[in-house]
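K.L.:
Those protein sequence lines, which keep their order, are chains A and B. Just so you know, we're using the numbering used here here: the first sequence kicks off at 6 and counts up by one. Just so you know, we're using the numbering used here here: the second sequence kicks off at 1185 and counts up by one.
To be clear, the hints were calculated from the coordinates, so they are not data collected in a lab. Even glycine gets a Cβ: it sits at the ideal position worked out from N, Cα and C. One thing to keep in mind: the hints can contain errors.
Chain B regions said to be covered by chain A (calculated; three or more residues, Cβ under 8 Å) [unchecked claim]:
no., segment
1, 1423-1433
2, 1438-1446
What follows is a list of derived Cβ distance ranges for each label pair [to be verified]:
no., chain 1, residue 1, chain 2, residue 2, range
3, B, 1614, A, 23, 19 to 27 Å
4, B, 1484, A, 20, 30 to 38 Å
5, B, 1583, A, 31, 37 to 45 Å
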Amino acid sequence: MSLGAIVIMVVVVGLVMGGFVCGIGVAIRQESLRQRDGGGEQPQAKSELADD
Amino acid sequence: MEKTEQFTSRWGLLLASLGMAVGAGNIWRFPRVVSEHGGGAFMIAWLIALFCWSIPLLMVEFYWGKQSRLGPTGAFLRMTGKKWTWAGGFVAFCCIAIMFYYAVVAGWCLYYFVQSVFFGMDPNGVEQRWESFAGSGTSVVYLAIGLATSVGVVLKGVKKGIERACKILVPVLFLLLIVAAVRALMLPGAQIGLAHLFRPDFGCLLSYRVWLEAFSQSAWSTGAGWGLMLVYAGYTRSKEDVVLNSFITGLGNNTASLLAAIAIIPTIFALLPEKTALELSGSGNEGLAFIWIPKLFLRDNTLTGSMMVIVFFAGLAMAALSSLIAMVELGVKTLMDLGLRRTMSGVILGLVGFVAAFPSAINMNVFKNQDWVWGLGLLVSGAFFSAGAIYHGVGRLRRRINATTDGWKLGGWFDIMIVCVIPFGIIAMLVWWFYQAAMWDPQGWLSPFGINSVGTCLMQWGIVIASLVCANRWLVGRIQKNHSHRDISS
């Protein structure tokens, strides 16, 4: 493999898969903070715009 | 009236969103397109398309869904006013029309999965198998199985149906893709395919064709502008993070595409001479998935090859089913907005879907025509979302997204994408594909009855848009009547 191909592979795979994994990590952290701060908004039986 | 359901957690929403975005196109289209259009250079254009096109559109959909808690038609009424409700109707119709022929694809994937698990496949007979299967009565049976499964899941509701199914389908799909990619990289000679996949052919970036292919792939693959994210976002918490969830969905979809490319392209190059591999990696969607992949994996008649075929078709079937479930849910939600109950909506959609999908199942020309017309129709749907966001006021939309989101906040770049990049991209892509159609058939490109003609697109879109514009007042009345307690635009 050429150096250029290796660089592109690292950048693309790093950005896409790394971004995906980091995004999941941030979401996990947000959820745990929400739980710690009192559970946040629990899934509602009815949404704020929900029907009758 | 039924209560508005919600996903039990953020993970339920994310898995459903990933299931919606990751479809058969990630597995059978992306590896072929990336191999054909410059490898690593194409991936750069594809990544730019993700951030400039797909993610901003996903954010618009997410916010509209979260605010309106309605399907596309109701969301357009709520966000853009009575006059433009028909545009939401077009978005919904376009996705439902795709569902009709996508159910056929899901049936093909299920059939090949069942064949590979229970009956085995003969590497010498795969071409005959495909020719005798496509358009046969058996494909109609598998279409019915795929459609009935998806309708059954949707009828169980958001929590017990969609969320539960995606909690199984999506992790298993990613696991299968990882297994296939790791196995491919362990093959002797795989590095030639890897080098081909990531080749730094930067000259390709000067070709407008590469950019248009990259933007088209991103538009079709992530589900942006389909209205699907809008529907799922209607089942979330009111403070759900629009920005981060849209990023995770877009990046997760591209992760699946990359894994599929890493699984397929190096395998082809490892098992075939380079010249044949180059020809094969550029063969058509169905040809690559249903003829060449089984032929390739089963070539040496090994247990590993047989296992890889099962893994490949299991992944393909799961990706197709999880996307089909999202499309069925969009159709059901649209009917529910008009006042029907979930059960009745699902039954009607299932029956109409089977009848409407039947021509595509028995005639490949009908299938190709519908794929062409409604695949391009998605660009029109994307244009409606972009125009709706501009009409709503992009700056105001961004401030409202930030105000109703607990997590990441949006910057000014979002305005530029919605106002400049997306409208320009839509016009460029439509012109490009119409120009392609004129080149394929210089005599009949305007024929309304051509398979891949400009005329057939304009005729079918025209009929649908004219009908929806005529029915606009009725649509508004039905949605307002059924959701009169909500802040529906008046």
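K.L.:
If a hint holds in the structure, say so; if it doesn't, say that too.
P.N.:
Checked hints:
no. : hint                         : in the structure
1   : 1423-1433                    : holds (count 6)
2   : 1438-1446                    : holds (count 3)
3   : 1614/B with 23/A: 19 to 27 Å : violated, 34 Å
4   : 1484/B with 20/A: 30 to 38 Å : holds, 36 Å
5   : 1583/B with 31/A: 37 to 45 Å : violated, 22 Å
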